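Going down the list, the protein sequences come from chains A and B. What the first sequence shows, in our numbering, is residues 31 to 427, in sequence order. What the second sequence shows, in our numbering, is residues 4 to 268, in sequence order.
Source of the hints: derived by calculation from the structure; they are not laboratory data. Do not take every clue at face value.
To be verified - Derived pair list, reagent style SDA-like, types lysine to any residue, alpha-carbon separation capped at 20 Å:
(1) Lys181/B to Glu246/B
(2) Lys181/B to Val251/B
(3) Lys181/B to Thr94/A
(4) Lys181/B to Gly209/A
(5) Lys181/B to Ala404/A
(6) Lys181/B to Leu92/A
(7) Lys181/B to Asp144/B
(8) Lys181/B to Gly82/A
(9) Lys181/B to Pro221/B
(10) Lys181/B to Ser153/A
(11) Lys181/B to Glu98/B
(12) Lys181/B to Ala101/B
What the hints assert, rightly or not - Listed next, with one range per pair, are the computed distances between beta-carbon atoms:
(13) Asp180/B to Glu114/A: 39 to 47 Å
(14) Asp386/A to Pro51/B: 37 to 45 Å
(15) Ser107/B to Ser247/A: 26 to 34 Å
(16) Pro196/B to Pro343/A: 38 to 46 Å
(17) Leu92/A to Met228/B: 47 to 55 Å
(18) Glu265/B to Arg264/A: 54 to 62 Å
Everything numeric in this text was worked out from a predicted model, so none of it was measured. Glycine included, each C-beta is placed from N, C-alpha and C at the ideal position.
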Amino acid sequence: MNPLLLKSFTATSCIGAGNAQTRESLQRGRSGLAPCGFETVRLDTYVGEVAGVDAQSLPPALQTYDCRNNRLAELALRQDRFLEEVAAAAHRWGRGRIGVFIGTSTSGILQTELAYRERAPDSGELPRDFHYGATHNSFSIADYVRRRCELSGPAAAVSCACASSAKVFASAQRMIEAGLIDAAVVGGVDSLCLTTLYGFHSLQLTSHSPCRPFDRSRDGISIGEAAAFALLERVPDAPADDAVLLLGVGESSDAHHISSPHPEGLGARLAMQAALTSAALAPEAIDYINLHGTATPSNDRSESQAVSGVFGPNLVCSSTKGATGHTLGAAGALEAVICAISLQAELLPGGTGTRDVDPQLTARYLTENRRFPARRVLSNSFGFGGANCSLIFGLPG
Amino acid sequence: MSAFAYVDGIGVLGPGFGGWPDAAAVLNGENAYAPTATILPTPQLLPPAERRRTGRVVKLALAVALETVARADLNPAGTASVFSSSGGDGHNCHEICAALAEPSREISPTRFSNSVHNAAAGYWSIATGAMAPSNVLCAFDASFAAGLLEALAQVSADGRSVLMIAYDTEYPAPLHDKRPIPDAFAIGLLLSPARSRASLGSIAATLTDAVAETLSEPALESLRMAIPAARGLPLLRRFALREGGATVLDYLEDTRVHVQIESWR
């Protein structure tokens with residue numbers, strides 16, 4: 031593929047609002063996971079809740095979009111001058127030449143969960159002020175971002191479970207390549223809700239402790255929430271030395287099971303190989319992998335086999351979900367921004383929370399931060415339904 | 004710049020439409036439109052355990068996907084896919100939200116696994132063994148055109164055939180009051196970068212601010228407006244009439260999709 035420039039990017043998760051706080055947390059190995067006190071949820075688990083979401087207001091003209099997911103998006107869009115950068119891009123390319131592709135798994139479903147508690151006792155009707163399309167519907171988040179950025183190009187929500195916001199980079203890349211647009215706002219936004227907290231609990235996939243990816247004693251995920259965005263454009267003739275580029279995208283389907291990964295990570299291998307092919311790079315060119323690394327016993331085992339199979343046993347890798355939690359449909363975009371920060375800060379983040387790396391996992395897992403001027407890194411995102419996506423980011427040259 | 008593809012297969016399932024031949028005979032004026040409730044076949048392609056777990060939305064998407072690849076005479080295992088739905092499985096969503104409103108908050112693990120918007124794509128890949136990329140979109144009322152643009156961009160940028168399925172099912176009460184989709188409807192298109200013996204014609208899409216084409220038959224027009232996937236009917240009408248020309252498909256509030264069509268059989 032023709033590389034694309036991440037003209038601007040920003041991430042907000044439980045380890046910080048914006049890139050500076052996120053970088054500092056990564057440098058200190060700080061986790062944002064805490065015992066779950068979300069809403070009325072009573073589950074013995076840890077979550078990565080973003081501070082200040084409830085207090086965030088939306089612009090008056092967009093009040094019908096008011097829900098936790100769009101508030102989290104608003105909070106994130108206000109960091110790192112992202113809205114200003116998009117406005118400048120709209121001036122450069124025209125509002126109709128910029129696409130909006132946002133990944134989410136649950137969008138504003140919390141609004142419907144709350145509305146169901148308020149159903150009329152006699153008729154069962156939902157409250158009059160409940161707006162399905164502007165809050166619960168998956169497209170709500172893409173629609174909100176598009177209106178907030180005052181853009182009028184193509185738009186869609188991508189909803190492939192936990193691979194959603196990695197796949198938005200692929201959608202944007204193809205649409206730019208096809209000439210339908212000149213730039214794209216991509217991102218991922220997922221916020222805490224009862225469906226995912228009680229749903230993963232019902233599958234016995236949540237840990238009672240902060241999650242420990244690749245640890246011998248790992249026993250499940252910690253659910254987090256996040257919003258992360260990037261503005262993608264074609265690479266200029268002379269990009270800055272520290273410009274972060276999208277170099278490759280690779281996707282595949284497991285064709286195996288709706289909620290368990292292929293045991294040998296076959297789909298994951300195909301996605302990583304496709305990303306290398308798309309970037310025209312050999313496996314040796316990759317310096318680090320930001321793993322999907324959810325900390326369930328089977329996910330990590332399957333991913334480790336896939337990574338060793340493609341890259342051999344020596345490539346260093348880690349999961350940042352011990353710090354941020356598993357932010358589900360936002361994970362791809364959040365970890366893309368973490369990769370961009372890692373490249374610019376010359377920092378390979380050690381996996382927070384992991385103490386005793388499982389000797390049965392052959393991938394070379396980093397538990398401590400390492401200072402290293404990586405040139406090219408790969409990020410994995412895999413989801414229910416067997417959706418897999420790998421992205422390669424790098425510096426110019 | 005326009006995004007171009009050959010159309011190698013069409014599938015349709017919806018009220019009064021048991022497949023593409025039924026729909027074509029209505030769209031070209033041969034038969035009057037007689038809407039009856041959509042009949043969804045059991046997905047025989049899935050292993051029995053999976054078959055029992057699937058809801059209406061999966062049955063709908065799989066049936067149309069199967070018809071589309073069969074008409075294109077294509078093995079789906081190696082074909083990329085784009086699934087676009089305006090809302091996913093409303094019945095499953097209702098059951099989960101109702102359970103979460105009870106004090107016990109116990110939800111079924113199977114319901115939760117099936118609640119992902121990409122459930123139909125996942126079951127399609129399990130049923131056919133397709134390990135090719137699959138993308139799953141939602142764009143509310145704009146979902147047909149969003150899926151079409153994504154599929155055309157894949158054909159054009161990646162030079163590969165793409166199966167595009169736009170599909171919607173009804174929401175039960177009380178969500179139905181807020182999202183009054185009346186029944187299940189889906190359209191499938193098999194889009195290819197190169198002309199083959201299966202090719203029925205070609206399409207080239209650009210963005211426009213022109214208004215969307217409507218259908219003159221009132222019952223068909225109300226179907227087009229009631230179910231987002233049916234926003235693709237004006238495109239199918241051209242293929243039913245075997246005539247070229249242009250149509251404008253509904254998309255977003257401020258943007259529509261202009262499609263130039265060649266239809267030769």
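Query - Those earlier numbered hints the structure runs against, lowest number first - result: 1, 2, 4, 5, 8, 9, 17 and 18
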